[in-house]
Amino acid sequence: MKRRSFVSWGTAGLVALCSGIGVSLAAVVRFLTPSVFYEPPQTFKIGDPGDFSYGPPTFLSEEKIFVFRDREKGFAVASAVCTHLGCTVGYFQSDERFHCPCHGSVFNADGTVQHGPAPRPLEWFEVTLARDGQLRVDKDHAVPASYRLVVSS
Amino acid sequence: MNPFREAWQSIVRRDPLSTDKGKSELVFLNVWLHIHPAKVKKENLKVKHTFYLGFITFFLFLILVTTGVALMVYYRPQSPQAYQDMKDLQFVVYLGTFLRNMHRWAAHGMVICVFLHMCRVFYTGSYKRPRQFNWVIGVVLFLLTLGLSFTGYLLPWDQLAFWAITVGTNIGSYAPLMGARIRELLLGGHTVGESALLRFYVLHVAVLPALITLFTMVHFWRMRKDGGLSRPVWKLDQDEPAQLVTIGAPATIAPLAAVPASQDKTYGLMEVVTGRPIFETVSMEEEEDAVFSYPYAFFREGIALLVTVATVMAVSLFWKAPLEELANPAKTPNPAKAPWYFLGLQELVSHSALLGGVIVPTLAVLALIAIPYIDSNPSRRPADRKWAIRAFTLFVVVNVVLIIVGTFFRGPGWAFVPPWVHIAGAE
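Keeping their order, the protein sequence lines are chains A and B.
Per numbering that gives the first Met the number 0, residue 0 is the first one in the first sequence, and the count goes up by one each step.
Per numbering that gives the first Met the number 0, residue 0 is the first one in the second sequence, and the count goes up by one each step.
To be clear, the hints were calculated from the coordinates, so they are not data collected in a lab.
Ideal Cβ positions, reconstructed from N, Cα and C, are used throughout, including at glycine.
Please note: incorrect hints may appear among the correct ones.
Computed, partial: chain B to chain A, Cβ under 7 Å [unchecked claim]:
1. VAL138
2. VAL166
3. ASN169
4. GLY187
5. THR331
6. ASN333
7. PRO334
8. ALA335
9. SER349
10. ALA352
11. TRP413
When you get a sec, could you build the whole thing from the sequences and use the hints?
This is how it looks when you write it as structure tokens:
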């Protein structure tokens with residue numbers, strides 16, 4: 000075999016080997032990524048506006064959200080998932096703050112971090128009125144803490 | 000000719016054990032025993048040299064495999080069946096509680112023994128040339144042990160499991176660039192759920208045990224090839240310094256015992272590779288401080304095995320493995336704690352997730368791996384390596400203190416609560 004052909008065949012072989020390995024690795028990663036997530040939908044209805052009381056927020060445990068209802072300002076929905084490591088925060092009426100049980104993060108009523116290791120404020124989700132008159136929450140759609148849905152009753 | 004005798008001899012194929020040749024052949028000709036040398040140094044067998052921690056770790060692993068396979072018979076990695084199966088193991092299955100206890104306590108014991116074994120190897124300087132890379136394999140085995148513990152932790156599918164894994168995998172997602180992606184691959188979703196349970200199960204019963212078995216084989220093989228156990232530090236002063244080899248092996252690799260190379264002898268391949276003449280390798284001469292592995296080493300290993308099994312069984316009779324209520328994604332227990340060996344990590348994470356959960360542990364692991372390459376001091380004598388010993392001791396103490404703080408001094412909301420203060424409503 001001539002040196003020139005050895006180099007060109009060797010390069011071709013090396014490229015083929017590397018691309019083979021690359022494609023295989025990509026296939027493994029793709030295989031491990033589920034094509035369908037059998038997880039609860041991110042958009043869901045939570046009931047009629049009248050179901051929610053004024054005052055302290057209503058905690059929906061399945062959806063991990065707090066539903067705030069204010070007499071003038073209307074509805075707002077906050078995430079109950081701590082931004083630190085994903086524990087579920089609780090709302091304490093005594094100091095009107097959210098407390099995370101895992102690492103002690105404390106969030107103000109508007110979701111901003113009071114203290115603790117949480118890096119970001121709690122998320123607020125868009126809440127709209129569905130055609131059938133129920134409240135609909137979209138967890139894929141984050142909104143500013145000032146967002147409110149006013150429902151005239 | 001007695002056919003039973005003939006059959007027996009077809010199995011063992013060695014001389015009687017009353018002879019030195021038989022004792023050697025027992026090791027040479029047996030697939031399970033040949034990882035041992037035929038003869039070992041008497042001093043190397045002393046408990047105060049190794050505390051048999053490597054053996055104990057390996058025996059705990061054997062207990063874990065045995066009890067783990069037994070538990071698989073009654074376990075389905077689905078939600079909520081996994082938790083029902085735990086209850087069945089606890090109340091219905093014959094010996095179920097006992098086997099689960101053994102599995103749990105042996106797992107904790109293995110984490111402890113791997114760590115103590117690592118400390119022993121450090122303090123005796125046994126990671127030094129030519130064993131540097133075996134230390135690295137040891138660190139990999141330590142990480143695999145933690146991985147096995149962590150994946151096993153989710154399987155009971157109770158509150159303890161669910162929240163420890165939720166917190167643990169969220170720590171991973173702080174890793175830059177790939178973090179969130181790796182978490183998604185690990186969980187097979189965006190939250191800890193059905194597919195996470197199945198994936199952790201596959202990792203726990205197939206992938207990680209296979210990996211740890213392979214690395215253990217390499218670990219043992221390399222140790223054997225490097226001349227078995229390192230010499231106890233108290234023998235270093237008495238041993239004669241090894242001279243560089245003259246045959247075959249280049250001078251850049253490990254020094255071997257010197258042999259006068261003869262002009263008129265033809266050396267075989269194995270002699271060139273090992274740098275030692277065959278007749279020295281299989282010498283039947285009674286070395287002053289060497290004894291046959293059979294029975295001296297095997298007897299001591301057998302004792303270590305018995306003590307390990309008996310201890311795990313005794314602990315499992317008196318202490319039950321914890322099982323809390325069914326996993327409930329909506330209700331985080333307060334405080335939610337990771338397994339104890341990750342509580343040092345959780346303590347760091349409570350200050351900063353990126354720094355404490357990703358950067359510091361990554362640097363710690365890299366530092367552990369780099370130890371044999373950073374430490375260029377060739378001496379194994381403790382007096383010659385004061386700073387290395389101080390630095391490693393500091394590392395151990397910081398780890399232990401963080402774990403103790405996380406375990407005993409953290410109450411609801413991760414507030415600092417000494418263990419002697421009782422908080423109403425808290426466990």
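Here is what the structure says about each hint:
Interface hint status for B:VAL138: violated, as the beta-carbon distance to the closest one in chain A is roughly 25 Å, over 7 Å. Proximity of B:VAL166 to chain A holds as hinted, the smallest CB-CB distance being about 5 Å (cut-off 7 Å). Evaluation of the B:ASN169 hint against chain A yields a held restraint, the C-beta minimum of about 4 Å falling below 7 Å. Checking B:GLY187 against chain A by beta carbon gives a least distance of about 5 Å; that is within 7 Å, so the hint holds.
Because the beta carbon of B:THR331 sits about 4 Å from the nearest beta carbon in chain A, less than 7 Å, this interface hint is met. This hint holds: B:ASN333 has a C-beta 3 Å from the nearest C-beta of chain A, less than the 7 Å allowed. The closest approach between the C-beta of B:PRO334 and any C-beta of chain A is roughly 6 Å, which is under the 7 Å cut-off, so the hint is satisfied. For B:ALA335, the shortest C-beta to C-beta distance to chain A is roughly 5 Å, which falls under 7 Å, so the interface hint holds.
This hint holds: B:SER349 has a C-beta 4 Å from the nearest C-beta of chain A, less than the 7 Å allowed. About 6 Å separates the beta-carbon of B:ALA352 from the nearest beta-carbon of chain A, less than 7 Å, and the hint is met. Checking B:TRP413 against chain A: minimum C-beta separation of about 4 Å stays under 7 Å; hint holds.
The structure is inconsistent with hint 1 alone, although it conforms to all the rest.
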